[in-house]
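A.B. asks: Model the full structure from these sequences, guided by the hints.
Number of protein chains: 2
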Amino acid sequence: MTRNRLWRLDRHPEGQDFAAALSLHEAELAPLAPGEVRVRARWLSMDAGTRMWMGPRTDGYQPPLPLGQPMAGLVLGTVEESRDPRFPAGALVRGFGQWAEWSTVQPDLAALEPVDGDLADLRQHFGALGLNAWTALAGLQEVARIQPGEWLVVSAAAGATGSLACQIGRNLGARVIGIAGGPDKCRYLLDELGIEQAIDYRGEDVAARLAAIPGGVHAYFDNVGGPLLDAVLPNMAHYGRVAVCGMVAAYDRDEPLPGPARFDQVLMRRLRIEGFFVPDFLHRGDEFLPRLQGWLGAGRLALRFDEWSGIERVLDAYAHMLRGGNIGKVIVRVTD
Amino acid sequence: MTRNRLWRLDRHPEGQDFAAALSLHEAELAPLAPGEVRVRARWLSMDAGTRMWMGPRTDGYQPPLPLGQPMAGLVLGTVEESRDPRFPAGALVRGFGQWAEWSTVQPDLAALEPVDGDLADLRQHFGALGLNAWTALAGLQEVARIQPGEWLVVSAAAGATGSLACQIGRNLGARVIGIAGGPDKCRYLLDELGIEQAIDYRGEDVAARLAAIPGGVHAYFDNVGGPLLDAVLPNMAHYGRVAVCGMVAAYDRDEPLPGPARFDQVLMRRLRIEGFFVPDFLHRGDEFLPRLQGWLGAGRLALRFDEWSGIERVLDAYAHMLRGGNIGKVIVRVTD
Chain A
1 MTRNRLWRLD RHPEGQDFAA ALSLHEAELA PLAPGEVRVR ARWLSMDAGT
51 RMWMGPRTDG YQPPLPLGQP MAGLVLGTVE ESRDPRFPAG ALVRGFGQWA
101 EWSTVQPDLA ALEPVDGDLA DLRQHFGALG LNAWTALAGL QEVARIQPGE
151 WLVVSAAAGA TGSLACQIGR NLGARVIGIA GGPDKCRYLL DELGIEQAID
201 YRGEDVAARL AAIPGGVHAY FDNVGGPLLD AVLPNMAHYG RVAVCGMVAA
251 YDRDEPLPGP ARFDQVLMRR LRIEGFFVPD FLHRGDEFLP RLQGWLGAGR
301 LALRFDEWSG IERVLDAYAH MLRGGNIGKV IVRVTD
Chain B
1 MTRNRLWRLD RHPEGQDFAA ALSLHEAELA PLAPGEVRVR ARWLSMDAGT
51 RMWMGPRTDG YQPPLPLGQP MAGLVLGTVE ESRDPRFPAG ALVRGFGQWA
101 EWSTVQPDLA ALEPVDGDLA DLRQHFGALG LNAWTALAGL QEVARIQPGE
151 WLVVSAAAGA TGSLACQIGR NLGARVIGIA GGPDKCRYLL DELGIEQAID
201 YRGEDVAARL AAIPGGVHAY FDNVGGPLLD AVLPNMAHYG RVAVCGMVAA
251 YDRDEPLPGP ARFDQVLMRR LRIEGFFVPD FLHRGDEFLP RLQGWLGAGR
301 LALRFDEWSG IERVLDAYAH MLRGGNIGKV IVRVTD
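Going down the list, the protein sequences come from chains A and B. Residues in the first sequence are numbered from 1 upward in steps of one, following the UniProt record's numbering. Residues in the second sequence are numbered from 1 upward in steps of one, following the UniProt record's numbering.
Worth flagging that the hints you see were computed from the coordinates, not collected in a lab. Hints may be right or wrong, so weigh each one.
The following residues of chain A were derived to be distant from chain B, with all beta-carbon distances above 10 Å [unchecked claim]:
no., residue
1, R51
2, D84
3, V115
4, N171
5, V206
6, P234
7, D254
8, Q265
9, D280
10, H283
11, Q293
12, A298
To be clear about the criterion: a stretch of chain A counts as covered by chain B if any three or more of its residues have a C-beta under 8 Å from a C-beta of chain B, and this derived list gives those stretches [to be verified]:
no., region
13, 152–165
14, 256–263
15, 267–276
The C-beta atom is built at its ideal place from N, Cα and C for all residues, glycine as well.
C.D. replies: The following block contains the structure:
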């Protein structure tokens, strides 16, 4: 029988000590139950949001993952065996599976969907056509409702969702300011993504930079929460919008972060702050996907990959991503 | 010549020590400049939001009032002399004038408007037809977008805007929960306004009460900010809305209040938090006013008045209102 290798969540991690919380196991693949699909992973997606699922808090947007079970995450791979006729063997699919060589999923629970196996770079199903891109498009178009000529600020701008949000914002006609940590990332934002301004939050006074924006910031695509939000709020234009996409500053804490110190600006400037997540937009694929494909084809949407190799490197890749060591999207290649 | 009595803002008040910051003066009325209108005040409106105008902070929704000048506020009175043909002598008008027996205003800057002089109780121009009512309607209909059957929470629910928001929420079909301080106010909410639940924040655990709402709170009409918002956020339904109308908890502080401790819920529950103020809705009168008049006429919108008498009582009435000593709307009768 085929033996699977998988990462098991043994306990809730403290901070970023993942080695003490997850372990790599071997297990035999069980026969498929009716309706199940087995996917051989080609790549695993490393996403900051999944850090929340590892913790004990029950007030997140989904319940904590059960301990003693495989860690969950987005998988791009090939159907190897199927008891669901929608997903025949050989199809390339993407969905929520496990940090494992083989993921066994219930397609609907996994939001499994077939993706184009003829794409030149298949990794773009985790990139310009992936859920980070859907998230960026939903946040900018549906939540922040960006208009041409507006000033848009993006935090964690060199990360996967952030760098896509920078480009999509630019494609929608906004003047984009990216906030990232360190000069390399800022250079990437300016030189490769071609946005208007980059702010290095480690070396610069973010609030002072934003205070120089004439008329103020119209929209903020926030991946981070915490102190950066405090720097942005008093520098927003009246009627500005904050699309709250993530709070990476809070994910590895057992307690919530303090609220934004300048929350009073919500009233003073009549701001709108709105949280969203991509599962609410998955039914919009017929509209979103052609738009993203168009930009990808026209060379107006690119995602740099920070690719690691081998299931055994998952924890290293994941911690690297959460530390912000990456530019672009961190993925782990599991098989060719 | 006629001598006017007016309250002058001498310095920025510390906390609620208004006697040290404002003084009652007599001054002769100057001849009207072109375009000006002189209004003899019948009533002055005591509004918590004006506390912010007295302070030194320049990051509010309007600049601080200049020191050494009359204090500004809403006036309901009779045009006595006019150099604007839209406002003939004898007309009853409402607008932003001064805490004075006579207000001299530029009609457009003052948002001066004629109101119905034949209304049975003229004070309702500060009540069911006044700007507090406009504020409540705008916040519930345009910002919170209340739907029939939803759970609506209103803070400072026994105050002017709050008690109108409770009734308008009820009229729009919501199930209304009012938060107020003390058993008398809670009885008023239940017995006179006929809302579904009342919570005494001084004597009860607000969060625990709200946690018992099946399905969570759909909308929060917030007049207060601060700790009450912390109690509400984790008890909201997914996709809940917070209409931020006021932050009375913050108005007499020189520093902003801390942000809501449970701001993380914005992401976890995909909440929308939106600040608004009534000047943005003044052009909607043709739509708002008939609606309010209909409810007033049908006995479905009432405002209790806490009426004080005499220009010399203004500071007492104002401090009483800011301490939450009132039920309903605090006004000062200046002349008959």
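A.B. asks: All hints, please: hold or fail.
C.D. replies: Comparing the hints with the structure gives:
For R51(A), the non-interface assignment is confirmed: its Cβ lies about 13 Å from the closest Cβ of chain B, beyond the 10 Å cut-off. Every Cβ of chain B is farther than 10 Å from the Cβ of D84(A); the closest lies at roughly 29 Å, confirming the non-interface assignment. Its beta-carbon lying about 26 Å from the closest one in chain B, V115(A) satisfies the requirement of being farther than 10 Å from that chain. Here N171(A) stays apart from chain B, with its beta-carbon at least about 25 Å from theirs, past the 10 Å limit.
For V206(A), the shortest C-beta to C-beta distance to chain B comes to about 17 Å, beyond the 10 Å cut-off, and the non-interface label holds. Annotated as non-interface, P234(A) brings its C-beta within 10 Å of a C-beta of chain B; the closest such distance is 6 Å. For D254(A), the non-interface assignment is confirmed: its Cβ lies about 12 Å from the closest Cβ of chain B, beyond the 10 Å cut-off. With a least beta-carbon separation of about 7 Å from chain B, Q265(A) fails to lie farther than 10 Å from that chain, contradicting its non-interface assignment.
With a closest Cβ-Cβ approach of about 7 Å to chain B, D280(A) is found to fall inside the 10 Å limit, against its non-interface label. Its beta-carbon lying about 15 Å from the closest one in chain B, H283(A) satisfies the requirement of being farther than 10 Å from that chain. No beta-carbon of chain B is positioned within 10 Å of the beta-carbon of Q293(A); the least distance is around 27 Å. For A298(A), the shortest C-beta to C-beta distance to chain B comes to about 32 Å, beyond the 10 Å cut-off, and the non-interface label holds.
Against chain B, the region 152–165 of chain A contributes 0 residues with a C-beta closer than 8 Å to a partner C-beta. That does not satisfy the three-residue criterion, and the hint is violated. Closer than 8 Å: that is the beta-carbon criterion, and the region 256–263 of chain A has 8 residues meeting it against chain B, so the requirement of 3 holds. With 10 residues carrying a beta carbon less than 8 Å from a beta carbon of chain B, the region 267–276 of chain A meets the three-residue requirement, and the given coverage holds.
Consistency with the previously given hints fails for numbers 6, 8, 9 and 13, ordered from lowest to highest.
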